[in-house]
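For chain X, the structure is supplied; the task is to place chain C on it using the hints.
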Amino acid sequence: MPEQIEKQTKQTEMERMLETWEPVIGLEVHVQLATRSKAFSPSACEFGAPANSLTDPVVLGMPGTLPVFNRAALELALKLGVATGSQIRARSRFARKHYFYPDQPKGYQISQYDEPLCEKGHVDLIVGGAIKRIKLERIHLEEDAGKNTHVGAVSHVDLNRAGVPLVEVVSAPEITSAEEAAEFMRALHRLVRWLEISEADMEKGQLRCDANVSIRLRGEDRLGTRTELKNINSFRFVQNAVENEILRQIRIVESGGRVTRETRLWDADLGQSAPMRSKEEANDYRYFPDPDLPPLVVDGALMGGILKKLPELPAARFERYQKQHGLAVDDARTLVSDRGLADYFDALVTAHPGDRSGRMLANWMLTELLGALNAEGKEITQSPVPAATLSALIVLVENGTISGKIGKEIFAETYQTGEAPLAIVDRRGVRQISDEAALWEVIDRVVAANPKQADGYLAGKDQLFGFFVGQVMKETQGRANPSMTSDLLRKRLGR
Amino acid sequence: MAELTRKEVEELALLARLHLEPDELDRIGSELGTILAYFGTIAAVDTTDVPPMTHAVPVDLALRADDPAPSLPVAEALRGAPKRDGDLIVVPAIIPGSES
Numbered sequence: 001m002p003e004q005i006e007k008q009t010k011q012t013e014m015e016r017m018l019e020t021w022e023p024v025i026g027l028e029v030h031v032q033l034a035t036r037s038k039a040f041s042p043s044a045c046e047f048g049a050p051a052n053s054l055t056d057p058v059v060l061g062m063p064g065t066l067p068v069f070n071r072a073a074l075e076l077a078l079k080l081g082v083a084t085g086s087q088i089r090a091r092s093r094f095a096r097k098h099y100f101y102p103d104q105p106k107g108y109q110i111s112q113y114d115e116p117l118c119e120k121g122h123v124d125l126i127v128g129g130a131i132k133r134i135k136l137e138r139i140h141l142e143e144d145a146g147k148n149t150h151v152g153a154v155s156h157v158d159l160n161r162a163g164v165p166l167v168e169v170v171s172a173p174e175i176t177s178a179e180e181a182a183e184f185m186r187a188l189h190r191l192v193r194w195l196e197i198s199e200a201d202m203e204k205g206q207l208r209c210d211a212n213v214s215i216r217l218r219g220e221d222r223l224g225t226r227t228e229l230k231n232i233n234s235f236r237f238v239q240n241a242v243e244n245e246i247l248r249q250i251r252i253v254e255s256g257g258r259v260t261r262e263t264r265l266w267d268a269d270l271g272q273s274a275p276m277r278s279k280e281e282a283n284d285y286r287y288f289p290d291p292d293l294p295p296l297v298v299d300g301a302l303m304g305g306i307l308k309k310l311p312e313l314p315a316a317r318f319e320r321y322q323k324q325h326g327l328a329v330d331d332a333r334t335l336v337s338d339r340g341l342a343d344y345f346d347a348l349v350t351a352h353p354g355d356r357s358g359r360m361l362a363n364w365m366l367t368e369l370l371g372a373l374n375a376e377g378k379e380i381t382q383s384p385v386p387a388a389t390l391s392a393l394i395v396l397v398e399n400g401t402i403s404g405k406i407g408k409e410i411f412a413e414t415y416q417t418g419e420a421p422l423a424i425v426d427r428r429g430v431r432q433i434s435d436e437a438a439l440w441e442v443i444d445r446v447v448a449a450n451p452k453q454a455d456g457y458l459a460g461k462d463q464l465f466g467f468f469v470g471q472v473m474k475e476t477q478g479r480a481n482p483s484m485t486s487d488l489l490r491k492r493l494g495r
Numbered sequence: 496m497a498e499l500t501r502k503e504v505e506e507l508a509l510l511a512r513l514h515l516e517p518d519e520l521d522r523i524g525s526e527l528g529t530i531l532a533y534f535g536t537i538a539a540v541d542t543t544d545v546p547p548m549t550h551a552v553p554v555d556l557a558l559r560a561d562d563p564a565p566s567l568p569v570a571e572a573l574r575g576a577p578k579r580d581g582d583l584i585v586v587p588a589i590i591p592g593s594e595s
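Chains as they are written, first to last, in this note's numbering: chain X, 1 to 495; chain C, 496 to 595.
Because the hints were derived from the structure by calculation, they are not lab data.
Among the hints, erroneous ones may be present.
Claimed, not checked - Lysine-lysine pairs mimicking DSS-like chemistry, simulated, CA-CA at most 25 Å apart:
(1) C:K502 <-> X:K97
(2) X:K120 <-> X:K309
(3) C:K578 <-> X:K147
(4) X:K452 <-> X:K491
(5) X:K452 <-> X:K474
(6) X:K106 <-> C:K578
(7) X:K204 <-> X:K378
(8) X:K147 <-> X:K97
Excised from the complex, chain X in its bound form (with noise of 0.2 Å):
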């Protein structure tokens, strides 16, 4: 079956199953602290370095050593505590839950279990134009493992990783889409990015995903038995594997199977997944509380410091721009896709005199400034033009100095070589022409040149009136105020 007649056949399948059925998904999402130094050690912690240059005998697990938790990694954790509204502990507890892998050399993983850092919190996602809310059930702190490879018949060790700080968010099961969850990742994504918490950088694993997928009739209050996927690291994947996950759950059940508890792996060449053998899942983590680690105590004190430094979230913004500014919701939502943009446009708002441009504001930034940038690849941190050369930009088009099309030509310029729009505007001689005077003069020297078209246009010719104001924008080399150009021509061509 050709790939197209293929999607859209899955496409209606599913309408029809989601009909019937509810699917219920929970997300647990790995991120990474961006720390300098390990959690328990001072390992620096550095994505592509030399294979096993980053450990310490902590990292390796030597008899004898002692863990001594990160001043950084707890503020981070923090700083997404309070911005997804956690309820924080005062004092909360690490504990070793253990496994055997190569990846870890202790035999167990600092994690943290019945004790949570965070617990009750929340992720505001954006879904259309407006907000929807999952709640979180806990943020935790744990260390990463190292970095297995497969190779044949064996399999590499990276140590690297081992011991570099994470906070594990783990949703409600609340989830009721792919899409939703794939959405669950982005605003988790550029909530940590938001905070300077996480690069998250999915391709290097700074951000990971596992999904929690049941389904249940619409209507069920119980929730069905779930399979747990992994290796999910990428927002497209996250949606692609839930989409199929619901879709084979649906069919087992409808065929009058049973689901099987258990881990699936995403395998995302073939797009498909397939069971890990349960040999491997058959974990028995034995937590208790880690006796190397006293309780962790959050104080006032340090609440007081992170509260301070917290900045507005994406989501409160994205309402902001739209309620405050007048702005539309695609604008408002790519504003908030990144701490930068949102920042940048603040900066602009407030250079402008006035508050009534935010619409145009955000047209001339996310135009002229953002295709300029793109066509370079640069980041909005790294643009040539601060925010208020831009704005002064805007004013020269709002008081009508110079049309909105010299415009783009001064910001072209001005994004090139630096020099103020209005200097530029003065050198090239380009400021509008609105005096009424000027523009008759013009208009009644076009007008007699060309008397046809001048009766044509009487006539009913209607297009004819754009070759006029053509004519007029080529006298003044385009510096004619378009609007007065408009209403002098009628008032002169007769209707």
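This is chain C only, laid out in the frame that chain X set:
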């Protein structure tokens, strides 16, 4: 406190990655039973209204500043590795795609 069943001993052995012969399973089972009995003695103490204690010393967690220090030289770090391929540790194959 009840004796451990043979199945429980087998599960414990699996979790500890220990291979035990049938006679060892019997012996360990009974030895573990004795150890468990000691916990039975402790568990018999009335702890109503006593908060759980997980640390012997009443101190809060010490925190360190986020200052990186030099890591171990690779040769030193890998001195105990049973098998190497360049600077990577080589272990028997783990199931493909299960990296976490």
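Worksheet item: Between X:K204 and X:K378, does the CA-CA distance stay at or below 25 Å?
Response: holds (21 Å)
Fill in: Restraint check for X:K452 with X:K474, where alpha carbons must lie at most 25 Å apart
Given pair X:K452, X:K474 holds - Cα atoms ~19 Å apart, limit 25 Å.
Worksheet item: Under the criterion that the straight-line Cα-Cα distance not exceed 25 Å, is the pair X:K452, X:K491 satisfied?
Response: holds (17 Å)
Item to complete: Would you mind confirming whether the straight-line C-alpha gap from X:K120 to X:K309 stays at or under 25 Å?
Response: Status holds; Cα separation ~22 Å.
Worksheet entry | Restraint status (C-alpha distance of X:K147 to X:K97 at most 25 Å) | holds (18 Å)
Discussion item. Run the distance test for C:K578 versus X:K147: straight-line Cα separation, threshold 25 Å.
Written reply: Within the cut-off at roughly 16 Å; holds.
Worksheet item: Holds or violated: are the alpha carbons of X:K106 and C:K578 at most 25 Å from each other?
Response: holds (18 Å)
Practice prompt. Decide if the proposed pair is consistent with the structure: C:K502 and X:K97, CA atoms, cutoff 25 Å inclusive.
Written response: holds (22 Å)
Of the numbered hints stated above, none is contradicted by the structure.
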